[in-house]
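There are 2 protein chains.
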Amino acid sequence: MEMPAPNPQIIAQKARIVKRLRAALPEGAVIDAEAEVRAYECDALTAYSCPPLAVVLPGTTEDVAKALRICHEAGVPVVPRGAGTSLAGGALPTADSVILGVARMSQVLETDYDNRFIRVQTGRTNLSVTGAVEEAGFFYAPDPSSQLACAIAGNIAMNSGGAHCLKYGVTTNNLLGVTMVTMEGEVIEIGGAHMDAAGLDLLGLICGSEGQLGVVTEATLRILPKPEGARPVLVGFDSNEVAGQCVSDIIKAGLLPVAIEFMDRPCIRATEAFAKAGYPDCEALLIIEVEGSDAEIDAQLARIVEIAERHDPVEIRESGSAEESAKIWLGRKSAFGAMGQINDYMCLDGTIPVSALPHVLRRIGEMSKDYGLDVGNVFHAGDGNMHPLILFDANKPGDLEKCEAFGADILRLCVEVGGCLTGEHGVGIEKRDLMGHQYAPEDLEIQMAVKDVFDPGWLLNPAKVFPLAATGARREAAV
Amino acid sequence: MEMPAPNPQIIAQKARIVKRLRAALPEGAVIDAEAEVRAYECDALTAYSCPPLAVVLPGTTEDVAKALRICHEAGVPVVPRGAGTSLAGGALPTADSVILGVARMSQVLETDYDNRFIRVQTGRTNLSVTGAVEEAGFFYAPDPSSQLACAIAGNIAMNSGGAHCLKYGVTTNNLLGVTMVTMEGEVIEIGGAHMDAAGLDLLGLICGSEGQLGVVTEATLRILPKPEGARPVLVGFDSNEVAGQCVSDIIKAGLLPVAIEFMDRPCIRATEAFAKAGYPDCEALLIIEVEGSDAEIDAQLARIVEIAERHDPVEIRESGSAEESAKIWLGRKSAFGAMGQINDYMCLDGTIPVSALPHVLRRIGEMSKDYGLDVGNVFHAGDGNMHPLILFDANKPGDLEKCEAFGADILRLCVEVGGCLTGEHGVGIEKRDLMGHQYAPEDLEIQMAVKDVFDPGWLLNPAKVFPLAATGARREAAV
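These protein sequences, in sequence, are chains D and Z.
If you read the first sequence in full-length UniProt numbering, its first letter stands for residue 1, the second for the next number, and so on.
If you read the second sequence in full-length UniProt numbering, its first letter stands for residue 1, the second for the next number, and so on.
Be aware that a few hints might be false.
Pairs involving identical chains hold if they fit within one copy or between any two copies, as the list cannot separate such chains.
[As the list claims (entries may be wrong)] Below, a list of computed lysine to aspartate or glutamate pairs in the EDC-like style, where the Cα atoms sit at most 16 Å apart: (1) LYS14 / ASP409; (2) LYS226 / GLU134; (3) LYS252 / GLU228; (4) LYS396 / GLU476; (5) LYS396 / ASP374; (6) LYS333 / GLU296; (7) LYS252 / GLU306; (8) LYS226 / ASP249; (9) LYS276 / ASP393; (10) LYS252 / GLU135; (11) LYS252 / ASP114; (12) LYS226 / ASP344; (13) LYS19 / GLU318; (14) LYS252 / ASP112; (15) LYS327 / ASP393; (16) LYS14 / ASP32; (17) LYS167 / GLU323; (18) LYS369 / ASP399.
It should be emphasised that the hints constitute simulated quantities derived from the structure, not laboratory data.
Starting from the given sequences, assemble the full structure and let the hints guide the process.
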């Protein structure tokens, strides 16, 4: 992936910039020792790495504002970073950039059960938001696979989803307000613990903006009462088409499971070999989970099983206990690890209209043969959010490039069938140069003009989201 | 409400502008006869009116683009209009503006039941969207009170809600994509029938932008399978506080009714006198509706009744038949008409955190005495969206001004308790000068800078949303 040449003037001024940051921020908040800075050279898209100029780890919104003001004055690019779990290179540094990490900002600022919200600093991890409210019987709904590690800051930047977002929506549906610091160091409040916004709804714009518009330091999040219980059913099919049709029919029937997860044969096989969850050896497998009281669960599962039975399943396994539920989920939750045992893999993320599932899976299978790279599919079928895992060998020259070309073909296919380049991982650097496939030049121009408003110098999170070719003139004008 | 002075140069060129529009558009699409233009001089905020320069009623996105291009070249302000049902003056013309109405654009362009969406021209009325899909067992969820008349264009402009939005969300939660024409006449596509957006999520920004950023001509809307059934329960209380607490407890228990409607004593009395729905004569009344299969409805209502009983209700009336359900809803649906029988009224729209309900109702009662104007409250309690109806006499000199001052005090109170100036009616001209109460100057500046991107000449929907004082320099610079 091409990256813009770093600004040599900035690099030459490193000592001065670090000194200014140190003078303004508490002790220990600025890191520039080479060995320590290395820990921030990449995120979870490990194929790409580059040590930043320095790393700043503030503890408060005020310190974030100070750091940004200094970088802004000095013309230093800033890469905001949550927990560094981006799969799209969303927090990849450039050599002339300062990493602004919110990892030390993990406090709960306010909980309000009557109005069902929690306000946190955005360095707090996703799971520990639920942790802060679960004794009172609440939870925070979006649940990315990385929820143990990923930060709310990154969830907001990428509009993250998760397996249970079919029912509860993704981050944007559970975010009520943010405190954001602009590149100029101005602190602005957007939204809050109430419905709707007066004037332009900037909250929807900020959510998913991948650190292009500002650094979100505090967030007001909707919390929900924990359901009484949950129970999955596993259904195996001899055909991807039929499994896809079953998903469609469940949704059409007006049922709203919390999750409908889909695994195809390559993924089932890899998972079985690794986790031994006792999955049937079939073409496609659905895990459908419903929530509620025991009576509600029984009623919903009965209707789901009835629909599944009309589609000639090879197996229907309804969970009868907490252990059986855990076993049904075990394979799904081990899928990424299982694929990783076989080889290196790249995890893609695109969305498609649900009805296009069979066609897209068939085409991915054909491309897999053409490229000579195996691929397993595991994804959130209910909302058409695909996660193809392409296997490759990082030590084999040319394999990464082949894998990337294959991935780009899959994402182009998603767009062709009426879908989108990204469901929850964001564009980052990974899909930056595919944006032209999704958007006409005038559409991209409007997005970039909106960035101009918030970050006229184009200093925030450089080289992400927008194709380098399209942003070149802007970056040069800003220097 | 102060309006900016119309541009005399534009008015002087009326004949030339109308001629250009006529030449570009099909016969009958341009109206400039004084008597016909009068029909567009106001929307549902009838206290304000002003005939526009001319009215354009295109039939296609292409014709909208042609009209906008001509107005843009001539520097003519454009006021987009749906069905003209705005309660906030969102479609109020200025004397130098062209009304661009989408009322003739009401076609269904595509229905896709597998992927659960419908694509329509935005002049289509809200209710007729459901009408187009109900035979197939689907419906469109947002249901403003004006749904028989209001257009999807206006729903998108104001991010409209409705009684059943507690469960299904407001427009922004049910809007998948739009075709929008910018003031320059450029047609852009935003979002689509898939989850998420790559890059900046402009869809969330467009929704609720009150015609400030472009004219939305086509929309892709989420449709949902119709529930098997629905049933309300009516609960009366002797205290607003206790009724508010009951709402809180229902939500905290993890129940998600489709609607929780609240009426206070003045509203109950007016409604009873008018519609004779047989409501109890009490301080506060809730109508709580749940949906699902008969078994699900029974289970949910049982839990709701159990919670209500803990709050000393004066009456609990569970519907036992379709007739009883209709009677329970009759009063609520007649409330606006009933208040209108007593006097002229102004319908406000603000949101508050649900827990602030008792305090806000008490304060409104006190202010009602101070101003000497009666007020009835009927609103969507589940999501804290209030609709105080202030009664006044339009023929009594000074009464409208007193009513507006009272309304402004109520909206300021909403902001003070952590709420928002608008839930679903928008800012329009009504709340324009209150925006400074909700937003700091730098917050407003960012909103206006975003408008600069889409409409640098500040020609779209003039004098709405932003305080005149704040926009003056921009409008002058643009002329």
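These are the hints, each one checked on the structure:
Taking the closest pair of Cα atoms, LYS14 and ASP409 never come within 16 Å of each other, the shortest separation being 40 Å inside a single copy and 54 Å across copies. For the homomeric pair LYS226 and GLU134, the shortest alpha-carbon distance inside one copy (8 Å) is at most 16 Å, but the shortest distance between copies (33 Å) is not. In this assembly of identical chains, the alpha carbons of LYS252 and GLU228 lie at most 16 Å apart only when taken from different copies (13 Å versus 25 Å within one copy). Within a single copy, LYS396 and GLU476 get their C-alpha atoms no closer than 37 Å, and across copies no closer than 63 Å, so neither meets the 16 Å cut-off.
For the homomeric pair LYS396 and ASP374, the shortest alpha-carbon distance inside one copy (15 Å) is at most 16 Å, but the shortest distance between copies (79 Å) is not. Proximity of LYS333 and GLU296 under a CA criterion of 16 Å is satisfied in neither setting, with 25 Å inside one chain copy and 31 Å between copies. When the C-alpha separation of LYS252 and GLU306 is checked against a cutoff of 16 Å, the pair qualifies only within one copy, where the shortest distance is 14 Å, while the shortest distance between copies is 33 Å. In this assembly of identical chains, the alpha carbons of LYS226 and ASP249 lie at most 16 Å apart only when taken from different copies (14 Å versus 27 Å within one copy).
With identical chains, the CA atoms of LYS276 and ASP393 are never at most 16 Å apart, being 25 Å at best within one copy and 76 Å at best between copies. Within a single copy, LYS252 and GLU135 get their C-alpha atoms only as close as 36 Å, which misses the 16 Å cut-off; across copies the closest is 14 Å, which meets it. Within a single copy, LYS252 and ASP114 get their C-alpha atoms only as close as 34 Å, which misses the 16 Å cut-off; across copies the closest is 7 Å, which meets it. Proximity of LYS226 and ASP344 under a CA criterion of 16 Å is satisfied in neither setting, with 37 Å inside one chain copy and 45 Å between copies.
With identical chains, the CA atoms of LYS19 and GLU318 are never at most 16 Å apart, being 62 Å at best within one copy and 70 Å at best between copies. Within a single copy, LYS252 and ASP112 get their C-alpha atoms only as close as 36 Å, which misses the 16 Å cut-off; across copies the closest is 11 Å, which meets it. In the homo-oligomer, the alpha carbons of LYS327 and ASP393 never lie at most 16 Å apart, since the shortest distance is 30 Å inside one protomer and 69 Å across protomers. In the homo-oligomer, the alpha carbons of LYS14 and ASP32 lie at most 16 Å apart inside one protomer (9 Å), although the nearest pairing across protomers, at 66 Å, exceeds that limit.
Within a single copy, LYS167 and GLU323 get their C-alpha atoms no closer than 24 Å, and across copies no closer than 32 Å, so neither meets the 16 Å cut-off. Taking the shortest alpha-carbon separations for LYS369 and ASP399, only the intra-copy value of 14 Å comes in at or below 16 Å, while the best inter-copy value is 77 Å.
The structure fails hints 1, 4, 6, 9, 12, 13, 15 and 17 (numbered hints given earlier, in ascending order).
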